[in-house]
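Chemist: Each chain is listed here by its residues.
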Amino acid sequence: MTAIVNVFLKEGVLDPQGKAAHHALDSLGFAGVDDVRIGKQIVIKLDTDDKTKAEAEVKEMCETLLANTVIEDYTIEIS
Amino acid sequence: MKVAVLRFPGTNCEFDTQYAFETLGHTTELLWHENETLPSDIDLVVVPGGFSYGDYLRSGSIARFSPIMKAVTKFADNGGKVLGICNGFQILTEAGLLPGALKRNNNLHFISKHQNLCVINNDNAFLNQCKEGEVLNIPIAHADGNYYIDEEGFKKIEENGQILLRYSDEQGNPVVVNGSVTSIAGVCNENKNVFGLMPHPERALEAILGSEDGIRMLKGLSA
Chain V
1 MTAIVNVFLK
11 EGVLDPQGKA
21 AHHALDSLGF
31 AGVDDVRIGK
41 QIVIKLDTDD
51 KTKAEAEVKE
61 MCETLLANTV
71 IEDYTIEIS
Chain U
1 MKVAVLRFPG
11 TNCEFDTQYA
21 FETLGHTTEL
31 LWHENETLPS
41 DIDLVVVPGG
51 FSYGDYLRSG
61 SIARFSPIMK
71 AVTKFADNGG
81 KVLGICNGFQ
91 ILTEAGLLPG
101 ALKRNNNLHF
111 ISKHQNLCVI
121 NNDNAFLNQC
131 KEGEVLNIPI
141 AHADGNYYID
151 EEGFKKIEEN
161 GQILLRYSDE
171 QGNPVVVNGS
181 VTSIAGVCNE
191 NKNVFGLMPH
201 PERALEAILG
211 SEDGIRMLKG
221 LSA
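Respectively, the protein sequence lines represent chains V and U. Read left to right, the first sequence gives residues 1 to 79 (this note's numbering). Read left to right, the second sequence gives residues 1 to 223 (this note's numbering).
In short, the hints are calculated from the structure, not lab data. If you're wondering where the values come from, they're calculated on a predicted model, not measured in any experiment. Misleading hints may appear alongside valid ones.
[Claimed, not checked] Interface residues of chain U toward chain V, partial, derived using beta-carbon atoms under 10 Å: (1) Thr-93; (2) Leu-102; (3) Asn-137; (4) Ala-141.
[To be verified] Not the full set, but computed from the structure, chain V residues with beta-carbon under 10 Å of chain U: (5) Lys-10; (6) Leu-14; (7) Gln-17; (8) Val-36; (9) Gly-39; (10) Ala-67; (11) Glu-72; (12) Ile-76.
Note that beta-carbon positions come from the ideal geometry of N, C-alpha and C, so glycine has one too.
Construct the entire structure; sequences and hints are all you get.
Modeler: Encoded structure:
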């Protein structure tokens with residue numbers, strides 16, 4: 001199975017990279033951009049077919065290492 | 001006093017840190033991160049600056065799982081004094097030994113310059129040789145020094161006197177340097193035995209290099 005983890009700064013925590021990209025889009029003439037957030041995507045190949053088990057394991061990976069929950073939120077998609 | 005200076009792959013301030021503490025008359029020992037224990041006669045552990053593990057994932061996030069960090073956590077839990085400078089500060093926040101987190105500077109730049117700092121609290125084992133409100137000039141050099149803590153956490157560290165230093169002007173008024181919450185440059189834990197700061201006191205020991213304010217800062221730890 002493959003787990004796709006997306007890690008983003010929490011709502012309310014200023015994302016300076018997103019803001020810089022937003023300004024760049026504005027100056028390039030892309031109108032109507034309300035907000036830009038930049039995060040990271042982590043793709044993990046797992047050697048299990050058990051989705052529940054995989055989800056639990058990846059959640060633990062996120063809480064332990066992949067995200068710093070003081071400043072970041074994460075989402076997990078398993079396929 | 002005997003000082004353990006930790007060394008991870010990518011640490012680069014370990015020799016400056018050793019030099020600083022030896023200049024102050026202490027003995028030092030470099031400790032590779034794969035060590036599982038600290039020598040029993042250690043009085044202070046310093047986690048020096050650098051780019052441990054290339055700052056991959058998040059600054060300090062991988063180093064915090066090094067074998068030596070278990071021993072450091074135990075040492076700190078037993079009241080041992082720990083100081084984290086720059087990347088060391090990042091490692092200590094990632095390890096949960098200090099509150100908050102350090103994120104990318106708001107202007108996205110690596111900021112490297114001499115910076116004034118205002119001493120906010122000296123009632124601790126670190127800044128006891130400095131006066132509250134005193135302004136110190138210490139170099140900073142970081143890309144991820146933007147201190148973040150949520151409102152609830154901020155209230156707690158403020159009430160408990162855990163805010164040690166703020167970036168300031170020459171008069172001690174806070175200034176925005178990297179986007180830190182209320183310009184915070186350094187904090188300590190609730191028990192006031194673990195200290196972290198982004199500025200580099202070990203680089204401010206000689207007037208010829210721009211400042212010797214670092215001496216007064218580091219002296220406190222042995223007082």
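Chemist: Look at each hint and say if it fits the structure.
Modeler: Against the structure, the hints:
1. Thr-93: Holds, because the Cβ-Cβ distance from U/Thr-93 to chain V comes to roughly 8 Å (cut-off 10 Å).
2. Leu-102: 9 Å, holds
3. Asn-137: 26 Å, violated
4. Ala-141: 18 Å, violated
5. Lys-10: With a closest approach of 9 Å, the V/Lys-10 hint holds.
6. Leu-14: 7 Å, holds
7. Gln-17: With a minimum Cβ separation of about 7 Å from chain U (threshold 10 Å), the hint on V/Gln-17 holds.
8. Val-36: 14 Å, violated
9. Gly-39: The hint is violated - V/Gly-39 has no Cβ within 10 Å of chain U, the shortest such distance being about 12 Å.
10. Ala-67: Interface hint status for V/Ala-67: holds (9 Å vs cutoff 10 Å).
11. Glu-72: 8 Å, holds
12. Ile-76: 16 Å, violated
Violated hints, listed in ascending order, are 3, 4, 8, 9 and 12; each of the other numbered hints is respected by the structure.
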